[in-house]
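Asks: Okay, here's what each chain looks like letter by letter:
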Amino acid sequence: MFKRTFSLLLGVLAASVWLGTAAHGQASQVVQCEKCHGSRDFMVGRAGGPQDSALYVPAAILQDTRHSGLRCPDCHRGYEAGYPHRVATRVVPCQTCHENAGRDWEASIHATNAVSQGDAPNCVRCHGTHVVVGVADRRSPTHPLNVAALCGSCHADPRITGTYFATASKAQARTAVAQFHKTVHGNALTRDGLIVSATCNDCHGAHKVLPADSAASSVNRRNIPATCGTCHVGVAEVYERSAHGVAYRSGQKNIQGHEAPVCVDCHSAHGIVRADQPQWLLGVVAECGACHERLYETYFETYHGKVTRLGFTLAATCSDCHTAHDMRPASDSRSSVFPSNLVATCARCHPAANENFARYRPHGDPKDRAKDPQLFWAWLFMTTLLFGVLTFFGAHTILWLTRVAIDRVRGGRGAGHPPHAGVPEPPGTEP
Amino acid sequence: MTQHTLDAAGRGERLYLWRFTPLQRTLHALVIVSFLGLVLTGLPLRFAYAPWARVLVRAVGGLEAAGVIHRLCAIITFGYFLTHVGSLIYRKLRGTPWKRILWGPDSMVPQPKDLRDLIAMFKWFLGRGPRPQFDRYSYMEKFDYLGVFWGVAIIGSSGLLLWFPEFFAKFLPGWAFNVATIIHGDEALLAMSFIFTIHFFNVHLRPEKFPIDLVIFTGRATVDYLKEEHPLEYDRRREAGALEGLVAPPVSRLAYLWSIALGFASLGLGVLVIVLVLWAVLH
Chain A
3 MFKRTFSLLL GVLAASVWLG TAAHGQASQV VQCEKCHGSR DFMVGRAGGP
53 QDSALYVPAA ILQDTRHSGL RCPDCHRGYE AGYPHRVATR VVPCQTCHEN
103 AGRDWEASIH ATNAVSQGDA PNCVRCHGTH VVVGVADRRS PTHPLNVAAL
153 CGSCHADPRI TGTYFATASK AQARTAVAQF HKTVHGNALT RDGLIVSATC
203 NDCHGAHKVL PADSAASSVN RRNIPATCGT CHVGVAEVYE RSAHGVAYRS
253 GQKNIQGHEA PVCVDCHSAH GIVRADQPQW LLGVVAECGA CHERLYETYF
303 ETYHGKVTRL GFTLAATCSD CHTAHDMRPA SDSRSSVFPS NLVATCARCH
353 PAANENFARY RPHGDPKDRA KDPQLFWAWL FMTTLLFGVL TFFGAHTILW
403 LTRVAIDRVR GGRGAGHPPH AGVPEPPGTE P
Chain S
22 MTQHTLDAAG RGERLYLWRF TPLQRTLHAL VIVSFLGLVL TGLPLRFAYA
72 PWARVLVRAV GGLEAAGVIH RLCAIITFGY FLTHVGSLIY RKLRGTPWKR
122 ILWGPDSMVP QPKDLRDLIA MFKWFLGRGP RPQFDRYSYM EKFDYLGVFW
172 GVAIIGSSGL LLWFPEFFAK FLPGWAFNVA TIIHGDEALL AMSFIFTIHF
222 FNVHLRPEKF PIDLVIFTGR ATVDYLKEEH PLEYDRRREA GALEGLVAPP
272 VSRLAYLWSI ALGFASLGLG VLVIVLVLWA VLH
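Heads up: the sequence lines are chains A and S, in that order. Taking the numbering used here, the leading residue of the first sequence gets 3, the next gets one more, and so forth. Taking the numbering used here, the leading residue of the second sequence gets 22, the next gets one more, and so forth.
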């Protein structure tokens with residue numbers, strides 16, 4: 003019994019000694035690194051060291067970072083005593099610990115380009131070397147308020163964008179960062195300091211960044227509603243049920259061969275503006291009109307369209323009647339333009355609207371006799387009258403002018419008229 | 022007195038006769054001011070797609086100001102229209118029978134002679150006859166006058182529809198507002214095209230009168246002018262011994278300058294509008 007207890011105690015003691023030695027070994031190694039790398043004088047100053055500020059890394063640098071529990075040899079392997087080091091230390095790959103992030107990054111366009119071009123970002127390019135802090139830390143380059151500048155350090159650099167986005171189809175990527183800063187998400191971040199606003203990684207992903215033409219990309223057309231819907235939950239729900247959402251899910255195309263619009267087709271990718279800004283209120287009609295061509299033309303024949311074209315933001319545009327995201331065909335009883343819903347839709351701007359009022363033709367087409375006979379006949383009558391009167395009196399005028407010209411050539415200035423016409427008489431001729 | 026030679030109505034012997042009453046001249050000035058106001062504020066809407074449309078809107082003080090000016094000028098228009106109709110009724114009450122207001126040489130109503138004059142005019146254009154002689158109003162003046170009547174009625178009523186759609190929807194179907202938009206815009210286009218080319222030519226710019234005829238502004242014209250433009254009226258009045266009563270003093274320098282200013286400003290704006298319309302249509 004005693005023997006067993008003794009042997010156990012001995013074992014524990016041995017283990018403690020071993021562990022203690024190991025711990026002491028690491029600690030002493032840090033102390034050893036610190037001797038040179040913790041000395042600013044030696045590393046940077048004139049004490050005979052390498053004079054390289056990058057090599058001045060006091061152990062305290064890891065305090066208050068995500069890596070505060072780590073010690074130099076956890077990342078820097080292959081240390082060899084003595085200075086100068088005969089063998090360079092080897093940095094352990096980050097994915098040794100950060101498996102998921104590493105795997106995602108390896109699948110990204112950044113990793114692909116890192117291999118082929120050598121200048122795409124790796125872990126330390128975005129996260130830093132020793133001061134690796136979490137995204138919630140204001141100091142982190144990956145903090146929401148810093149991300150646009152971080153991505154912009156390459157994506158707003160003409161040297162880099164000129165190389166990677168050289169083709170015409172990628173031309174807009176060259177100005178994406180600059181555009182982002184002027185628009186709703188960028189304004190919310192940089193002007194209003196709102197960290198909940200979307201920044202680069204919210205749409206493009208942090209590690210698995212892929213170009214939009216890649217099916218797995220979060221910004222591929224097929225994935226856009228889900229990506230935007232991550233934040234815009236309510237809008238995504240409504241969109242899913244709308245004519246556009248239904249057609250998008252079924253992959254149905256319109257007669258021009260266009261796919262149903264997703265978020266970015268109306269709101270653009272990087273140039274998203276607030277929906278209450280004149281730029282949006284006046285510009286959205288063109289977005290809808292890009293597909294709905296005839297409705298676009300006829301809209302501009304109406305008062306709503308004309309004043310909108312002149313910059314008036316209170317007149318109805320597409321979304322005022324058709325809603326912004328819940329648009330449905332007029333045959334759908336839930337549509338804002340379903341016949342029995344029209345009065346309520348008009349009344350949103352015209353409170354006194356009644357059944358008669360709602361029979362206004364907001365896309366009336368005078369050239370379409372079958373659809374708008376009253377408009378057609380009114381247009382035909384007015385056009386005939388206009389051309390009739392102007393042609394008749396135009397001829398009257400031209401013939402008159404010709405007659406006077408002929409008479410004057412033949413018979414002098416006053417020919418055909420009493421003598422005074424058009425001729426200033428000399429002074430003193432009055433009676 | 023030779024400084025009056027810009028004015029066709031002031032050429033010839035300096036014996037002036039009254040032609041238009043102060044009320045008629047005032048109403049015509051109101052027609053000019055309100056019509057130009059309506060045209061300049063309505064044109065950008067009619068040709069909203071034209072490159073100059075936004076510039077013109079800014080020039081008149083913005084879109085909302087344009088709307089206010091347009092409606093103010095519409096009120097002036099209804100005002101002169103009703104005043105004129107009232108003046109006709111007043112003439113009747115003062116003893117002029119309807120027969121003389123609505124028929125005869127002093128009436129604005131087209132009569133068989135006007136058709137004969139029109140045909141004779143075309144014959145003269147083609148060198149097939151003498152130039153017809155007009156009485157107090159030529160068929161062109163009657164057409165201008167009735168054009169305003171028709172225009173105010175048509176543009177005015179369609180404009181009221183568009184001004185108060187919720188009220189008129191109580192008894193009119195919604196498509197009436199589409200029709201009103203077409204009629205309002207096209208009739209306005211006809212009115213401005215006619216006034217700023219044909220009326221301008223007939224009254225001011227034709228070689229016999231160029232560059233301006235101020236009779237509607239100063240109210241008086243020389244005997245020579247009357248003999249040329251309205252010989253039948255001159256003869257009729259002379260035979261009736263009515264010329265004495267029509268003799269007017271020469272126009273004052275101030276009235277003359279005002280007339281010149283209003284006349285040329287209107288001519289200039291009118292021609293500018295025609296340029297803008299052509300620009301928009303041919304663009």
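Since the hints were made in silico from the structure, they are not lab data. Remember, it's a predicted structure, so these values are computed and weren't measured experimentally. Positions of the beta carbon are idealized from the N, C-alpha and C atoms, including for glycine. Be careful, since some hints might not be right.
[As the list claims (entries may be wrong)] For lysine-lysine, the following DSSO-like pairs were computed, each having C-alpha atoms within a straight-line distance of at most 30 Å: (1) Lys-134(S) to Lys-144(S); (2) Lys-369(A) to Lys-113(S); (3) Lys-373(A) to Lys-191(S); (4) Lys-120(S) to Lys-163(S); (5) Lys-120(S) to Lys-191(S).
[Unchecked claim] Derived contacts from chain S toward chain A, CB cut-off under 7 Å, selection only: (6) Leu-103; (7) Phe-146; (8) Glu-187.
Asks: If you test the structure against every hint from before, which numbers come out violated?
Replies: Hints 2, 5, 6 contradicted; others consistent.
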